[in-house]
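For the sequence shown, this note's numbering begins at 78 and goes up steadily by one.
No lab work stands behind these hints, which were simulated from the structure alone.
Treat the numbers as computed from the prediction; the structure is a model and nothing was measured.
Each residue gets a CB set at the ideal place from its N, CA and C atoms; glycine is no exception.
Careful: at least some of the hints might be erroneous.
Computed Cβ-Cβ distance ranges for the label pairs, DEER-style [what the hints assert, rightly or not]: (1) K182 with E159: 25 to 35 Å; (2) G143 with S163: 47 to 57 Å; (3) K166 with V200: 45 to 55 Å; (4) A129 with Q151: 45 to 55 Å; (5) G143 with G82: 55 to 65 Å; (6) S163 with L185: 25 to 35 Å.
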Amino acid sequence: MLAVGWIVQSRNQAFELDPADELLSTCGLAKEKRPQDWSLEEKLNIVVSCAALDDASISERCRERGIYPHHINQWKQDFVSETTSSHSKAQAEVRTLRLENKTLKKELNRKEKALAETAALLVLQKKVDAIWGNGEDNSQ
């Protein structure tokens, strides 16, 4: 009967929060929050705050937040691997972009030379026509 009374009481009135729980709820770290629902910023904050703690303190902090220590370890590995993989991806992307830039510059240079040659031939053709006249004009 005691459990039934407690359930009815919990439905009828809200639990009073102690100051520590109010602080957690204002930070967005309420106990009801699942680990999947945490934002990257919240995950990073908990990883950083647990970095200097021993296992017992980490476990205590995890119980306060409703998560397990393996969540913190996984998040830490995720952040480290994201950083290294994003760095290597950035280097590969820079290398690819440089190669593409070099190829495009070569192609542009080739096209500029072809355009300059065509323009020079056109100017020479106009000079020849001006000096000797057009071959079509003499035949008439």
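Here's how the hints hold up against the structure:
1. Distance hint check: the CB atoms of K182 and E159 are about 34 Å apart, consistent with the given range 25 to 35 Å.
2. Restraint check, G143 to S163: a C-beta distance of roughly 30 Å breaks the suggested window 47 to 57 Å.
3. One distance hint, 45 to 55 Å for the beta-carbon pair K166 and V200, holds here, with the actual separation near 50 Å.
4. The hinted window of 45 to 55 Å between A129 and Q151 is violated, with their beta carbons roughly 19 Å apart.
5. Restraint check, G143 to G82: a C-beta distance of roughly 26 Å breaks the suggested window 55 to 65 Å.
6. Between S163 and L185 the C-beta distance comes to about 32 Å, which sits within the given range of 25 to 35 Å.
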